[in-house]
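Please put together the full structure from these sequences, using the hints given.
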Amino acid sequence: MKAQQNDNTLLDDKALVENLFNKQTLSQIEDAHKQVPNDFFVQQEQAILSAIRNESPKAKIISIGTWKKIAIAASFIAIAASAYIFIPSNYTTQEVANNVTIQEIPIAEIESYVNDYEAIAEIDWQSEINKEGSNLESISTYLKEDSNKTQE
Amino acid sequence: MNNKDKALNHSSKVLSKFVSMQSDQELIIEFQQSAHKEAAFTQLLKRHQQKVFYQIKRMVTEPADADDIAQQVWIKVWNKLDGFKMESEFATWLFRVAYNETLNFLQKQKKQSSQNLSADNLDYENAASAADGPKSAQIQIALEQAIQQLPEKQRFVFMLRYFEEYNYEKIASITGTTVGGAKANFHQAIKKMEEILKRD
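Chains R and H supply the protein sequences, listed in that same order. Start counting the first sequence at -16; every next residue gets the next number (my numbering). Start counting the second sequence at 49; every next residue gets the next number (my numbering).
In case anyone wonders, no lab produced these hints; they're calculated from the structure. Among the hints, erroneous ones may be present.
Okay, the calculated bits of chain H under chain R, using three or more residues with CB under 8 Å as the criterion [to be verified]:
(1) 90 to 99
(2) 104 to 111
(3) 119 to 132
(4) 190 to 197
(5) 200 to 211
(6) 235 to 242
A virtual CB, placed ideally from N, CA and C, is assigned to each residue, including glycine.
Structural data, given as structure tokens:
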């Protein structure tokens, strides 16, 4: 047998099984598995072929590669982004500025606006201090000069 | 025509039949490229139908269940054969489909109801006692029960190795494991059966 020729351990494995369990019993079990009615396989073949013939054709699933998947995802992102950029919103910032007076803006909002800009100013100063080569003395000199100019 | 001529004629017929017999690979190419798929498929079915059915029948107790599973396997093969890339032997791929279908069936069966061993015992007893004396029938029942108590994968590997005489490389491809894993499954199966038989 071809399998036996290529597989030296097969006989050992079979002998191991047959030493533990009776060989005759094993062959009886196998015979029982192989007991089928006459023409069983002819009928099974016919049943399989008729099931295949009666099966409705399924929708064909086309597999797409990684690059095609990326391209499709990118085109969706591009469409979404262009929709955000090009479709005009109904209520622009300019229209808000034209229609709303300063009295109508709540004080809390004005305060938060001022606070936000103060934060930015502080960040700017911090970045000046952190700049390479700058030191506190030069900054204080700069500040003094600046305040003198303002007083003049 | 004398006897020698008759013998020569017969052997040439046999030879021509053998030469004209297409390999699995050729039949698959024919299936994939031809509009008339059924002829090639039928050849493959006739060639492998019995081995597939017997392997499934070794795994499930009811012959009717084995028949249903085998039919499902072949329908799946029909639907997927167009995409078969011949990276493995057709028989290996076919047994892999059969392995998956059988495991699916057994898992569904487990969920539906726990196995009724007493009913199974009765079937084995009837089948065995009809053929042989009471003692050998008892041994056969005990061994069959021990096989049925093995985990599905170990049982499948044991059957392929002992009854189908497949090498471990092929068994590993079918069951989706390594060669070492397949060997371990076979030896664990023997050990477990021995334990079950000693216990009972």
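Hints versus structure:
no.	hint	verdict
1	90 to 99	holds (count 5)
2	104 to 111	holds (count 3)
3	119 to 132	holds (count 5)
4	190 to 197	holds (count 3)
5	200 to 211	holds (count 3)
6	235 to 242	holds (count 3)
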